[in-house]
Amino acid sequence: MTDTALTAQAKPKQKSSRPGTLALLLNNTLATTGLVLLVAICLIALAAPILPLPDPDVTAPANRLLPVFSEGHLLGTDHLGRDLLSRLIWGTQVSLAVGLSATIIAAFFGSLLGLVAGYAGGRTDTLIMRGIDMVMAFPYILLALAIVAVLGPGLLNALYAIALVNIPFFARNIRGITLGLSRREFVDAARLSGKSPAQILFIEILPNVLPVIVITMSTTVGWMILETAGLSFLGLGAQPPQADLGSMLGEGRKILFTAPHVSIVPGLMIFVLVMSINLFGDGVRDILDPRLRAGSLTRPVARTAVERGNSEVPPPSGQAALLDVREMRTEFQIGTSVYKAVGGVSLGLKDGECLGLVGESGSGKSVTAMSIMGLVPTPPGRIAGGAAYLEGEDLFAASDKRIRKLRGGSVAYVFQDPLSTLHPLFTVGDQLKEAITTHQPLSGKEATARAIELLSLVRIPNAKERLSAYPHELSGGMRQRVCIAMALANDARVLIADEPTTALDVTVQSQILTLMNGLRRERNAAILFITHDFGVVSALCDRVAVMYAGRIVETGTTEDVLNNPQHPYTAKLIECVPVLGQPDRRLDAIAGRPPVVNNLPDGCAFADRCPRVKPDCRTGEIELVTSDGERGVRCLHPLSEGAAA
Amino acid sequence: MAAYIAKRLLAAIPVLFGLTIIVFLIMAMIPGDPATAILGSYATPENVAKLNKDLGLDKSLLEQYFIWLGNLFQGDLGRSYTLNRPVLDEVLERFSATLILAGTSLVLCSILGLLAGIVSAVRQYGWADKIITLLVLIGISTPSFWLGLLLILIFAVNLKLFPASGMYAIYGGGDLPDLLYHLTLPALTLSVVATGVIARLTRTAMLEVLRQDYIRTARAKGLSERKVIYKHAFKSALVSVVPVIGIQAGFVIGGAVYIETVFQWPGVGSMLVKAISTRDLLLVQGGVLVVAAAYVLFNLLADVVQTLLDPRLR
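Residue numbers (UniProt numbering), protein chains in the order written: chain A, 1 to 645; chain B, 1 to 314.
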């Protein structure tokens with residue numbers, strides 16, 4: 001639920017800068033460096049004919065093997081007395097030209113195959129892709145070698161070989177994208193308008209595929225330069241007197257011990273060239289990658305950051321509650337905007353009590369639940385103020401070690417979607433036993449016995465056999481039972497259940513609710529039950545708190561709130577629940593959407609959707625007015641005036 | 001599980017047949033007439049026709065393929081005319097040396113790559129991450145044949161720590177320490193690029209996994225961060241990294257061609273390069289075929305390991 005809450009709030013994305021500005025800046029600096037280097041190398045290589053360089057092929061036996069920085073020969077000379085700088089620049093030109101040509105050839109034929117396979121589908125597709133698979137079954141360079149073996153050594157043949165072995169790579173990428181595009185409406189429209197397949201392929205689809213082709217080219221061109229240089233190095237590419245960087249390196253290798261600079265210099269050039277291409281390519285990819293932009297590849301740390309700053313830590317409410325949350329505020333920093341997901345929530349739980357926390361998606365109820373044990377991901381989340389006390393202990397001030405002991409110990413969680421919250425690669429038994437042994441010093445055998453006991457407790461038949469099942473082998477209801485068993489492993493005092501039944505169908509839902517209710521009565525555990533469903537609340541909860549835009553707008557005993565809602569929002573929520581036997585009842589959706597919590601309006605956050613809104617609703621801070629300790633409502637004009645005053 | 005492995009093995013058979021077809025076709029595409037090439041341009045037409053018949057070249061391509069395939073099944077890959085010995089004997093002898101080199105490199109790059117990737121992900125945007133990211137970038141941009149030469153210059157010529165070439169010492173060598181001594185530099189050189197690729201992918205995979213709901217569950221259970229990362233997150237990340245290691249095996253075996261040439265390692269790679277320059281095409285054919293088949297089998301192994309890790313694939 002945290003994630004849904006997050007995305008719901010983060011959706012109206014502004015021009016937000018990405019997280020870890022320093023790191024991304026570094027990335028971009030690197031990309032810029034790469035681009036500058038690449039452009040410089042290309043310009044110098046292109047300018048070779050007009051630069052004041054000696055002829056790269058003129059031999060001068062008297063000047064052979066001059067070291068670097070010799071007079072008249074900045075990089076020295078090779079074994080035939082040829083100027084290395086000149087050879088390097090001319091060789092770079094050849095290497096660049098060969099690498100680029102190979103890339104273009106591979107991109108052309110690979111894309112063509114991919115386009116045809118992806119668009120034609122059926123047998124054509126199968127035939128082409130099987131062929132591609134066969135070619136890909138070879139180690140890449142080996143196939144290039146075999147081709148060169150047949151064609152004979154030579155720069156042009158090396159170019160063909162490298163291009164050929166890269167065709168499958170393009171074909172696969174482009175086929176996948178074409179396949180997706182050919183199912184789209186604009187292609188159907190073109191087909192219906194009587195265009196020929198070739199027209200559709202090249203006029204409708206190709207322009208959409210082109211960016212992908214270009215990006216794939218930019219990521220492979222470095223490889224191609226490296227590989228053609230490699231073939232030349234082996235003596236299978238450029239043949240004397242023609243020279244590219246690879247063949248210079250290969251020739252220099254023969255005199256490695258006497259004149260190392262002859263081989264080091266061209267190798268360094270290949271390295272710098274490929275590095276600059278890769279730097280630039282990475283930078284471009286980072287900028288284009290939507291996951292990096294949204295910060296969704298940022299690693300959350302083990303515990304939510306607590307940054308209460310100078311704000312006063314509110315003391316416990318003094319009502320001898322088991323769990324006592326006071327004025328808690330949790331925020332998400334996304335780019336430069338701050339989303340106040342939880343804006344000062346207070347709630348309390350006594351032993352054996354069940355409190356329902358109700359609200360729409362994005363109202364902050366899940367974040368409230370996660371904040372208590374520091375499970376909100378940081379970055380981007382942080383606890384910005386308030387306190388949560390467990391039997392008087394300030395959880396936000398506790399050590400990490402202490403929190404780990406309490407997590408799964410005194411405070412246990414049950415999450416919404418049991419398929420994604422159980423680890424797919426471990427058996428149910430392993431995960432259950434792990435929950436047990438983390439908090440209890442039991443032997444493996446004892447833990448197994450306890451695990452079986454827990455599974456039977458949540459009414460899973462054949463508990464013993466189920467231990468070796470993987471989550472995907474169980475039904476949704478069974479998986480949720482496993483999650484509940486895991487939460488019960490260590491006699492938790494507080495059970496925080498975040499929409500535990502939302503992903504389940506109605507019959508299973510009622511079984512799970514009955515189960516939880518029974519366990520509460522047997523074990524006297526307190527439950528914080530998060531849901532958007534008033535039907536569930538009435539079945540299980542003693543008290544209920546309604547949340548809207550990160551704040552509690554109404555609270556009271558379940559009966560009171562359900563029968564006599566004071567806040568217009570609560571009333572609207574209750575109207576959304578269908579009642580059996582009342583087919584004529586109007587089911588009203590609440591018009592409009594909840595406000596975005598990075599820019600809350602003054603006054604009541606519900607004002608824009610409220611049918612009873614009055615001008616004074618939009619100014620100032622509206623307090624939660626409480627009466628007789630139990631009942632509270634945050635509304636200037638509650639439904640039955642006077643009741644809350 | 002056994003049934004699954006058997007199924008995968010069966011599925012590999014058509015791929016192996018595909019390999020033989022491609023290798024055969026490549027060799028059949030050699031321009032010019034082989035008989036003329038062998039006999040020289042002064043050969044009489046009768047002699048050319050006779051040799052063509054002896055070589056089976058007067059038959060159709062399809063017939064030629066099946067004859068060739070039949071011989072292949074009997075372990076007959078022809079004779080190398082430069083070495084004057086059966087191609088299969090030479091290739092297998094050479095292949096064991098390649099396997100030692102490439103296998104060591106593959107183990108090295110898997111361990112180093114996984115470690116670097118995990119550290120990089122766990123310390124995201126920290127100094128360790130930045131240094132590793134930079135090293136990875138340098139690693140995947142370095143021409144391995146050049147790096148080999150540099151290492152020879154530094155560690156063999158200047159520091160005299162390791163030998164510059166060969167697999168065993170010429171006199172008195174042949175035991176395991178001697179092999180390791182000779183193996184160090186080439187194996188390290190060969191593993192650099194693959195280490196970079198694996199590190200990069202491990203980092204991304206770890207970052208993706210660490211955001212999953214089941215990692216939050218692991219934390220909510222009260223597990224230590226070490227267990228969360230090295231047990232829960234790593235196992236999931238490994239599922240997506242293992243196939244990449246399988247693909248890297250191809251790059252390592254291919255890269256061995258350069259490294260074996262640079263370090264004069266007596267493997268298939270250096271054999272191929274020599275065979276190409278002497279136009280010993282049967283030897284090229286045999287070498288390519290054996291190495292490609294090994295690569296297919298290795299990818300099969302990667303598949304099986306992935307399935308062992310992930311019960312959902314079974």
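Hints may contain errors.
Here are the computed lysine-lysine pairs in the DSS-like style, where the Cα-Cα straight-line distance is at most 27 Å [to be verified]:
#, chain 1, residue 1, chain 2, residue 2
1, B, K227, A, K445
2, B, K227, A, K464
3, A, K445, B, K235
4, A, K401, B, K53
5, B, K7, A, K405
6, A, K464, A, K445
The set of hints was computed from the structure by calculation and includes no laboratory data. Just so we're clear, the structure is a prediction, and the values are computed from it rather than from any experiment.
Hint-by-hint comparison with the structure:
1. Between K227(B) and K445(A) the CA atoms are separated by roughly 21 Å; this keeps the pair inside 27 Å, and the hint holds.
2. Of the pairs offered as hints, the one joining K227(B) and K464(A) holds, with about 26 Å between alpha carbons and a cut-off of 27 Å not exceeded.
3. Of the supplied pair hints, the one linking K445(A) and K235(B) holds, its CA atoms being roughly 24 Å apart against a limit of 27 Å.
4. Distance restraint check for K401(A) and K53(B): the Cα-Cα separation of roughly 83 Å exceeds the 27 Å cut-off, and the hinted pair is therefore not satisfied.
5. The straight-line distance between the Cα atoms of K7(B) and K405(A) is roughly 47 Å, outside the 27 Å bound, and the hint therefore fails.
6. For the proposed pair K464(A) and K445(A), the alpha carbon gap of about 13 Å is at most 27 Å, so the pair holds.
Against the hints set out earlier in the document, violations occur for numbers 4, 5.
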